[in-house]
Amino acid sequence: MTTTLAGGRAARRQTMRRIRPRRSPATVLLLAVFAGAVGVLWLWWHNTPSIADQNGKILNAGRITGLLAGYLMALVVLQMARVPALERRVGSDRVARWHAMSGRYTLCLIVAHIFLTMWGYALQAGKSLGDIVQQTIDSINQLPDMGKAAIGTGLFVLIGLTSIGPVRRRIPYDTWYHVHLLTYAAVFLTFWHQITTGNDFAVEPTAKTFWYALYGSVTALVIWYRILTPIRLNMRHRMRVEAVIEETPGIVSVLIGGRKLHRMGAEAGQFFRWRFLAPGMRFSSHPYSLSAAPRPDMLRITVKAIGDHSARLRELTPGTKVWAEGPYGAMTAQRRSRGKVLLVAGGVGITPMRALFETLPGASGDITLLYRANTTQDLALWDELAAIADDRGARLMYAVNSPDGERPDISADRLRQKLPDIEQHDVFMCGPAGFAQGVYEALRGAGVPARRIHHESFEM
Amino acid sequence: MKKSHPIRRVVLATAATVSGVVLLLSLKPASDPGAQAAGATPQQTAAAQESPQGGASAAGSANGTIDGAVAQTQYGNVQVRLTVANGKITKADAIQAPKGGTSDQKTALSIPKLTQETVAAQSAKIDSVSGATYTSNGYKQSLQSAIDKMKASAGTSQGSGSSQGSASPSQGSGGGSGSGTGSGSAQAKTVTGSVAQTQYGPVQVRITVSNGKITKADAVQAPKGGLSDQKTAMAVPKLNQEAVAAGSAKIDSVSGATYTSSGYKQSLQSALDQAGG
Numbered sequence: 001m002t003t004t005l006a007g008g009r010a011a012r013r014q015t016m017r018r019i020r021p022r023r024s025p026a027t028v029l030l031l032a033v034f035a036g037a038v039g040v041l042w043l044w045w046h047n048t049p050s051i052a053d054q055n056g057k058i059l060n061a062g063r064i065t066g067l068l069a070g071y072l073m074a075l076v077v078l079q080m081a082r083v084p085a086l087e088r089r090v091g092s093d094r095v096a097r098w099h100a101m102s103g104r105y106t107l108c109l110i111v112a113h114i115f116l117t118m119w120g121y122a123l124q125a126g127k128s129l130g131d132i133v134q135q136t137i138d139s140i141n142q143l144p145d146m147g148k149a150a151i152g153t154g155l156f157v158l159i160g161l162t163s164i165g166p167v168r169r170r171i172p173y174d175t176w177y178h179v180h181l182l183t184y185a186a187v188f189l190t191f192w193h194q195i196t197t198g199n200d201f202a203v204e205p206t207a208k209t210f211w212y213a214l215y216g217s218v219t220a221l222v223i224w225y226r227i228l229t230p231i232r233l234n235m236r237h238r239m240r241v242e243a244v245i246e247e248t249p250g251i252v253s254v255l256i257g258g259r260k261l262h263r264m265g266a267e268a269g270q271f272f273r274w275r276f277l278a279p280g281m282r283f284s285s286h287p288y289s290l291s292a293a294p295r296p297d298m299l300r301i302t303v304k305a306i307g308d309h310s311a312r313l314r315e316l317t318p319g320t321k322v323w324a325e326g327p328y329g330a331m332t333a334q335r336r337s338r339g340k341v342l343l344v345a346g347g348v349g350i351t352p353m354r355a356l357f358e359t360l361p362g363a364s365g366d367i368t369l370l371y372r373a374n375t376t377q378d379l380a381l382w383d384e385l386a387a388i389a390d391d392r393g394a395r396l397m398y399a400v401n402s403p404d405g406e407r408p409d410i411s412a413d414r415l416r417q418k419l420p421d422i423e424q425h426d427v428f429m430c431g432p433a434g435f436a437q438g439v440y441e442a443l444r445g446a447g448v449p450a451r452r453i454h455h456e457s458f459e460m
Numbered sequence: 001m002k003k004s005h006p007i008r009r010v011v012l013a014t015a016a017t018v019s020g021v022v023l024l025l026s027l028k029p030a031s032d033p034g035a036q037a038a039g040a041t042p043q044q045t046a047a048a049q050e051s052p053q054g055g056a057s058a059a060g061s062a063n064g065t066i067d068g069a070v071a072q073t074q075y076g077n078v079q080v081r082l083t084v085a086n087g088k089i090t091k092a093d094a095i096q097a098p099k100g101g102t103s104d105q106k107t108a109l110s111i112p113k114l115t116q117e118t119v120a121a122q123s124a125k126i127d128s129v130s131g132a133t134y135t136s137n138g139y140k141q142s143l144q145s146a147i148d149k150m151k152a153s154a155g156t157s158q159g160s161g162s163s164q165g166s167a168s169p170s171q172g173s174g175g176g177s178g179s180g181t182g183s184g185s186a187q188a189k190t191v192t193g194s195v196a197q198t199q200y201g202p203v204q205v206r207i208t209v210s211n212g213k214i215t216k217a218d219a220v221q222a223p224k225g226g227l228s229d230q231k232t233a234m235a236v237p238k239l240n241q242e243a244v245a246a247g248s249a250k251i252d253s254v255s256g257a258t259y260t261s262s263g264y265k266q267s268l269q270s271a272l273d274q275a276g277g
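Line by line, the protein sequences are chains P and W.
Residue numbers for the first sequence follow the UniProt record's numbering, beginning at 1 and rising by one.
Residue numbers for the second sequence follow the UniProt record's numbering, beginning at 1 and rising by one.
Okay, chain W solo, but in the shape it has when bound (with noise of 0.2 Å):
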């Protein structure tokens, strides 16, 4: 029965609300020091310590799979898997990546991406994906730690094996589906784009290229159902025209279907990248 001051207790309330959050927000670092370490001292995980073994046998210097150190970031962790073969990178996982709240989406937006990016460059020399640069980041410090501990273990056995690491840089045909229609390079070629998630569903675009100029462009995948059957008539036709005559991804997106431009666009920029390279 003493005396109740709602006032006073709803600013009590506030304040101490107010500065419990903000001390605790305070109190975290900016940069994460643990992530550091793990960067600095490369986990060895099982896979990885295979391959000094693997160094007796003659030719393949490190084959199987490797896993990178775990980087974590703002999001989550990300942690990268390379699968090597003769030296060289066939394949990039992540077997971590930041999830909950817009996570997933830019997840399922960035990865795809980094893993074909990495086959593709066969280092951890890629671009961010935008609007994903704390998931990118985690990624390429994962990633070289992995590439690290791969030429460690390949420097191990390289006395016995041929240097296959130097040999044949990327051949473009990395991560995405390119395959070509004739046998010298200048002929025409037809490279299909990685997939782009909209929020309507996947996108993704075909392109045939020839004497590198875009020839035809067409979208094998595109937002079904609903609403989006209209869209995706409407706007993939002039999508295509437009990307025909720019020959780049720098081209307007359709009004009202923004959504499905941009997905178009990106994957359209994956197409022209594994065209080019």
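Isolated chain P (complex conformation) (with noise of 0.2 Å):
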């Protein structure tokens, strides 16, 4: 019993020698882009000796708008880029809500700026706020590089309108897809104005140098990010579409072939935006999280069939070329720090949970799946899972609702009474919104501090 004991302390040391939890860098992040915010608004200060009147306020502050909107949009753009820090350190759900928020924020930011704009420009011309919309057009015929920037700025628009929450579930994924990339376009268009008749950029040539350098090192990291490492790692790994599994009713598991494939350094917990090179669906790609450790010559994702794209994956023929960008997400193992793990499942959301049930180092009960799903039979992957836990020593609970359609008891206390120390766990969580809401919950009553639940979100 005290070898035993002993044995289990002494792996149990042995696994936490090889947890180095890495803390996220957003925080970092963040600061500094409120750093920037307040240096973009220094060079306004810098600039604007005084401010005579209401016209000059109103003026004014259409600059500031301005100013701070053509910040915001190079980093719009960058959150985007796929850069790995953002996309393997603070985790790609992360950023897209940044990148979601910031966008918003930015697109009310640059109607703010049009409005006071040429609301001072009618006033200083000795019209009236009535005049505004003839002021606009005869600002775009007459200031340079205006037309370029309302076409810009007609895009964002479209491009807003696209995205707002019941536009976007009522118009195809590919098609808001699509417009979205507009906005490659429109940030190009509306760039010049800010060069040519921004005030700060006309007077001050280092403020001018350093609006191209941040644009400018954007676009870089666009081009390599997005455009060159995918093609990079396409050509070096030449993937095919080996086999499709059908797991359980509606879910599906793709085998996935190539070469080198452990070069890519996947890590179980990791997704990659797959692209099948097949009849319709080559022009859009789609986030599946691995549901298996990756293997030097095979990957394996896992996929429930709710949209036309994931029906689509069960026709796959063996021999389809496959096109892959990433890995991306941050839920992996760097996030423990603790040697318990709790990894708790929601429905499909089992596929990396799975991956990181396999891999994730413990001793015998350091680690624990909880599976929750509508019916035994969705329980997807449960053998592997099953044998998992039994090669491990690791414990696997599922819960399911109850034949009257009753949904199961997941609060703090039955958490509690399964598993007596959970406060001292990591909590690995994936599945949907309302279901990692609740769990988020009852982990939180009983005892978890929030900085030790690690949950993946793609819902906005």
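Just to be clear, a hint being listed does not mean it is correct.
Unchecked claim - Here are the simulated distance ranges between beta carbons:
1) P:Leu228 with W:Ser262: 50 to 56 Å
2) P:Arg22 with W:Ala13: 44 to 50 Å
3) P:Pro279 with W:Gln105: 54 to 60 Å
Hints were generated in silico from the structure; no laboratory data involved.
Backbone N, C-alpha and C fix where the C-beta goes; we use that ideal spot for every residue, glycine too.
Put the two chains together into one complex, using the hints given.
So, in structure tokens, the structure goes:
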């Protein structure tokens, strides 16, 4: 008895040595973004000796909102440049939420900038607020690069409209995505009027240089990580569909073969954006998590048929070429800070959890998986999970609805009852938003600190 | 996975942005303390410092160029450079003027007028250009400081030189290209107004004046190309006629050619100013 205990402790110490928690750089990055915004405001402050009257106030409010919008627009694009530090350290889901938030905010700033500037110009020309439309038309005609800027703004508004919740749910994903790609054109078109008519760039050559550097480096990052890196990855690994396996009704696994796949550096818990070069599928890519630890010759994804794209995966034939971008995602072993880990999966959210369940280092009894599904038939990959649990002495629990459709009880008390030392665990969680929210609250109620609950959600 | 509160977030972001902008705007003074300080202690530029030594030369009291102090306006800095010969301003330039936004236009519109006026008036008592009040005021401020410097340097060398400054006031041949066709001032003379920049191109008016009356008016420059050819063909003859009939720049704009008309009137006014002075 004592020996087993000692052995357990030694093994645990062994695992602890392999745990090197890496903190997300999110806080540092957010501080840097704020510092940049302060710098932009300083530029305005420095170049504005005084504001004489109401008209000057309106014009300067227009300048401030314009400068901030120009600054944030570069960052909004940067957030989608697939920079590894953002995708793998901060987490793709979090960065996507930042992108959505800052995108909306920037669009509001652009609208405020146009309104205030045109109002100010109208007053300056001795007209009133009512002439703002005429003033806008005049400015587009007279000022350099304003025609381009007007087209770019129109595109931004279009992109914003297609991203509003109800609209986005009603249009196909591909349409939304391709409209969103117009952002690059819009950013290019609106860039030039900032340089040619922007007061601060006209009088301050240093500011102009800085602005070129900001937009230039974002462009370089986009070209490098969104175009060149995927080309290199796919040239090197040449992936193809090996087999398609039906796991449970509605859930399929796709096996993907290729060359030296371990060289991609993918970890359990991460995902790729997949594009299957089959008719009707080649124009859109979708993020699917690896459902098994990557092998040198084989990757596996497991997908539930919920959309057009995922339903078509079932019809993929072996040999279909695959174009992948990745690996992305930060919900990996790096996030772990404790010896004990609880994995919580809701439905098809099992995929990254399955990979982590297999690979997270841990002694017997350290790893626990809680799997929630509607019925026992929906417990995809159950046999594999049971085998892994047996093999490494991990605990496997499931929670399904009772035969009369009643939901299982996942509460703080119930969790503590099942895992008395739950507050000592790191928790990794993947599942639908409502489920994740409920479990999160139960976990917090059971005493798990928020910093040890690791969750990935692609719902905005 | 903290609960998200979209509405609270929107309200917070709006409130923070609006209050931040309002705070920044209200912290800016209404008139610039830096500009007044600069105006009170005129900057001695290299050009201005040359002149005290120039006092050794006998006749020329203050030759060369003099830069006025930088006047800061809401839209940017204005700085005037005067070229002086024999104590008279022969040329005025703005070496700094507001840029960016509508300022480019306003600078293009107002600076040529102001420099012309300067040479004509030989003082800082010049009219502001309407529509470019801030630039005009900054210009006058900088001009005044340049003139102060000019006088100061002239004063140091007054002992040896003759007081050129008081001789021959404005001659009417200021910045524009006025040329008398006759020898006497009562004779007919042709005066060309300053170039007025419009959105569609420059407009410049030439008038023939005899006995203080306009006998002939025509446009030596008018918008060209595209629709402008038509508009010019339509508007300019009418405007020429009106100018002769009215004998002043108070003429009606030709409807459908508003920009050309107002440019025409501007240039006409400057021609009349020259002819009168």
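Taking the beta carbons of Pro279 (chain P) and Gln105 (chain W), is their distance inside 54 to 60 Å? holds, 56 Å
Taking the CB of Arg22 (chain P) and the CB of Ala13 (chain W), does the distance hold inside 44 to 50 Å? violated, 30 Å
In this structure, is the beta-carbon distance linking Leu228 (chain P) and Ser262 (chain W) contained in 50 to 56 Å? At roughly 55 Å between Cβ atoms, Ser262 (chain W) and Leu228 (chain P) fall inside 50 to 56 Å, so the hint holds.
When each numbered hint is compared with the structure, a violation occurs for hint 2 only.
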